[in-house]
Amino acid sequence: MIQHLLDGVLTGSYLSLGAIGLTLVMHILRFANFSHAELLSLGAYAALVCDALVSGLAPFLTVKLAPLSLTGALIIAILISMVLTGLSALIIDRLVFKRVRERGQELSMVFASFGMALIIRNVIGLIFGLSPTLYSRDIAFAVILSRDPLILVKPDQVFVLIAALALMFILHLILSRTTFGYSLRAVAENPSLAQVNGVNLQRTIMAVWLIGGGLAAVAGVFYGISHQLIPVMGRDLVLPIFAATIVGGIGSVYGAVLGGFIVGVAANMALVVLPSGYTPSVPFLLILLVLMIRPHGLFGEARA
Amino acid sequence: MIGIFSYLIFFATTASILAIAVLGLNLQWGNTGLFNGGVVAFFGAGAYATLILGGTAQAGHLGGFGLFYPLALLGGMAAAGLMAWIVGLLTLRLRHDYLAIATFGVAVAFENLMRNAEWLAGGAKGVRGFERPLRAALGDGFAYNLLFFAGVLLILIATYLFLERLVASPFGRLLRAIREDEAAAASLGKSPSKVRLTAFVTGSVILGLAGGLYGTFYAFVSPQDVLPTLTFQIWAMLIVGGAGNNRGAIFGAFLIWGAWTLSGWALSRFAPVDVQLYTGSFQFILIGSVIVGMLMWRPQGLLPERLVVSQRGKPQSTQQGE
Amino acid sequence: MADPILQVRGVTAGYVPDLPILRDVSLAVPPAQITLIIGPNGAGKSTLIMAIAGLLPVSAGQITFQGSDITGLRTDQLTAHGIAYVPQVDNIFRSLTIRQNLDLALRRAGSDAPTRLARLLAQFPALAAKQRDKAGALSGGQRQFLAIAMALATAPKLILMDEPSAGLSPKAAQEVLEHARMLTGQGVSILLVEQNVNQALRLADHCYILAEGRNQIDGPAADLRDSEVVGEIYLGNRRVGAA
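In the order they appear, the protein sequences are chains A, B and C. Per this note's numbering, the first sequence runs over residues 1 to 304. Per this note's numbering, the second sequence runs over residues 1 to 322. Per this note's numbering, the third sequence runs over residues 1 to 243.
Calculated directly from the structure, the hints in this document are not laboratory data. Nothing here was measured: the structure is a model prediction, and the numbers come from that model. Cβ coordinates follow ideal geometry from the N, Cα and C atoms, glycine included. Careful: at least some of the hints might be erroneous.
Pairs of lysine to any residue, SDA-like flavour, derived with a Cα cap of 25 Å [as the list claims (entries may be wrong)]: (1) K134/C <-> L298/A; (2) K190/B <-> P295/A; (3) K134/C <-> S192/A; (4) K134/C <-> L175/A; (5) K154/A <-> V9/A; (6) K157/C <-> S192/A; (7) K154/A <-> Q228/A; (8) K194/B <-> M292/A; (9) K134/C <-> F169/A; (10) K194/B <-> L289/A; (11) K134/C <-> R185/A; (12) K98/A <-> P220/C; (13) K134/C <-> P295/A; (14) K154/A <-> H4/A; (15) K130/C <-> F299/A; (16) K134/C <-> P191/A; (17) K134/C <-> T179/A; (18) K130/C <-> R177/A; (19) K157/C <-> F124/C; (20) K194/B <-> R294/A; (21) K157/C <-> T179/A; (22) K130/C <-> T179/A; (23) K98/A <-> L302/B; (24) K130/C <-> H172/A; (25) K98/A <-> L73/C; (26) K130/C <-> Y254/A; (27) K190/B <-> Q105/A; (28) K125/B <-> T279/A; (29) K98/A <-> N200/A; (30) K134/C <-> I174/A; (31) K125/B <-> L175/A; (32) K98/A <-> Q77/C; (33) K134/C <-> M292/A; (34) K98/A <-> K134/C.
Covered stretches of chain C, as calculated for chain A (at least 3 residues, CB under 8 Å) [what the hints assert, rightly or not]: (35) 8 to 15; (36) 177 to 188.
Far from chain A by the CB rule (all over 12 Å, computed), these chain B residues [unchecked claim]: (37) A109; (38) G172; (39) F251.
With the rest of the complex left out, here is chain A (with noise of 0.2 Å):
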């Protein structure tokens, strides 16, 4: 029970990384972006090959960083991966959804978003094949917290968590401390009021794009590191991810951030009274429960 809520909130802290971009381009973009889980995936792989590339300049970054089975090259890596994935998202606005947005209604855009979720998945299981691999080969001992009742954790989670509430944490110093988090603010509540005090629209959602892709990336990782990379694991987070952002209110990024944690927790949860073969049901129930009694999530707004 109370390893299942751990696990939970482990769970959580990379589906809220993942969610906090979603939300934002769902609210100021308005549309439902599908292919926002294969950012995961992109700088999860971008990752891998940059800790190849790094480890080859520099061995003595391959140093593990007890008791994490980190290395300073992957941590690099990872920093690394964060541009190259915002630059991406960037990338497959400028060339697809820009000119879809151009030419066609909202609901074109999900069209696309899922045309380009396959593109994406399945050129990464060309380049990387369709088996799963790990960053590090070695095994990381999982550290007894508890003997009765039996509680695990390994160090490589813990650093997850606290990466992603300080990532969080540096998010929300933004949003409420700095004249650009207001304006990205701004857009997100009033798209033409936030160009009559002369927030510059386009650039505002180039820098939600490169905010989304970058924590996505963290968020990709993450997965890696708490389980594997697989070319298809967009496949599986797109609805919890989605999920998150119903639960947390669509346009809110706290309200992402704890749906994450809520949809974290509640699929671990639900192992106790469910075969774990259900769980990738249970982001669904949750979305379905939420639309039932609050349609527009704990921080959400109507908006038509």
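Given the coordinates of chain A, assemble chains B and C onto it according to the supplied hints.
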């Protein structure tokens, strides 16, 4: 020679069944502007329910009601409709993309349930023990397949005619009115969410019909038949054919199914063995590119809607962001 | 009379390219004055002000500001030129605090920002007291003041105001309009759209009457107030109750 002919009948039967599904989706997306992200769930509900209702008794899972076939098929359609009604009721009043996400979730949960709930539908092993209608009289040979194809073709034509009349009716005009300008339609005293729900359920019943026929054709359905792949294929058929145009929908179904079959055959025939492992990946990239490419360069499809189209939206207002 | 700060010449504009709401509209805004636009509902008053603010595409005609052509510039670029716009509704960010709203508007002020903020807070004491409150919690009149303060934060030479008194109590409406008058004393020019015709005509320097998307007549506000033509064109459109 009979081999090729027999294969063509097989191909045409599958394509016609898919065309019925595309017609159902067209009512939702093309005519009403509703995004169904879980086509396969409604298709699958039709298939599973038809087989469970019409099949012989099976150990270990629900079934064996042995209903008269048309009744079983109607049951399949009803199951799809019921599912659509529940999802629609919860989402159609909200932001448009909630429906997309919820229906996508339905598909995930449906496949998940079918794979795990052995007591319900046999789990991963699927539903067996279904006797195809009239099999006792006609056997399993070419004659049966020909007749089955004729039956499917008749249903396809009937569905087409039904939808053509529906779209031309006052209800059809109302659907387009709501798609184009919901506020204006609402001001005429029509409840847009009720009308959309009707269209969504009707479209899903047609998807269920297609699923029922599909299950009947193979006399077997398993979780492998309700993977998201099918949703993407059916979308691509509609987008390529031309959303809003029923003839385009049918044309798209045959074209995309032909391309899919051909590409699979070509890869298995000509590609080296180690590449064949990636047949699926290539095909998915292909279908993703078809969807994205069409939306970017020819969003109206190959056979565009013949009505006065204002679906393209208002480019200026989109750029302004409001 | 000094050269107009804003000059609109033969502008045709609308929400959709093929469906102009405004046809061949011209007007001039002299510096440090209130120029008023009135007209019946649907006359195109808001459309005109949004077209000037760069929120609607202008299909014909020219808009010049201080002698330079600003037709077709983006809204956010106009701010940099010294034009501020106060929309009629939804003119503040409800989810941000009052202070954050002001800081956002002051974003381009650079080193001048603290001075300007202090001046704005002194000018609007009601806002100064509630800086940490969410702007969504403000009353109607205070919202208008915040919106005007945000416009002033950019140190504009021209403010476009779209019915600032709409939905306010008569007292609050009077306060807002008097504030506008006071701003002209500081050298700011104002282009004002108002439904509150009598009150606005008493306040304004010059007035344009718009109907069916076209210029009808214009003249000094004082003259128009007593003019029978105004009564015919304007009040004739069943707008008697509004005045």
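Against the structure, the hints:
no., hint, result
1, K134/C <-> L298/A, "holds, 18 Å"
2, K190/B <-> P295/A, "holds, 23 Å"
3, K134/C <-> S192/A, "holds, 20 Å"
4, K134/C <-> L175/A, "holds, 15 Å"
5, K154/A <-> V9/A, "holds, 13 Å"
6, K157/C <-> S192/A, "holds, 21 Å"
7, K154/A <-> Q228/A, "holds, 14 Å"
8, K194/B <-> M292/A, "holds, 17 Å"
9, K134/C <-> F169/A, "holds, 21 Å"
10, K194/B <-> L289/A, "holds, 21 Å"
11, K134/C <-> R185/A, "holds, 13 Å"
12, K98/A <-> P220/C, "violated, 48 Å"
13, K134/C <-> P295/A, "holds, 24 Å"
14, K154/A <-> H4/A, "holds, 14 Å"
15, K130/C <-> F299/A, "holds, 23 Å"
16, K134/C <-> P191/A, "holds, 19 Å"
17, K134/C <-> T179/A, "holds, 16 Å"
18, K130/C <-> R177/A, "holds, 18 Å"
19, K157/C <-> F124/C, "holds, 19 Å"
20, K194/B <-> R294/A, "holds, 20 Å"
21, K157/C <-> T179/A, "holds, 23 Å"
22, K130/C <-> T179/A, "holds, 19 Å"
23, K98/A <-> L302/B, "holds, 22 Å"
24, K130/C <-> H172/A, "holds, 22 Å"
25, K98/A <-> L73/C, "holds, 21 Å"
26, K130/C <-> Y254/A, "holds, 24 Å"
27, K190/B <-> Q105/A, "holds, 23 Å"
28, K125/B <-> T279/A, "holds, 20 Å"
29, K98/A <-> N200/A, "holds, 16 Å"
30, K134/C <-> I174/A, "holds, 18 Å"
31, K125/B <-> L175/A, "violated, 51 Å"
32, K98/A <-> Q77/C, "holds, 22 Å"
33, K134/C <-> M292/A, "violated, 29 Å"
34, K98/A <-> K134/C, "violated, 33 Å"
35, 8 to 15, "violated (count 0)"
36, 177 to 188, "violated (count 0)"
37, A109, "violated, 4 Å"
38, G172, "holds, 19 Å"
39, F251, "holds, 19 Å"
Of the numbered hints given earlier, the model fails hints 12, 31, 33, 34, 35, 36, 37; all others are met.
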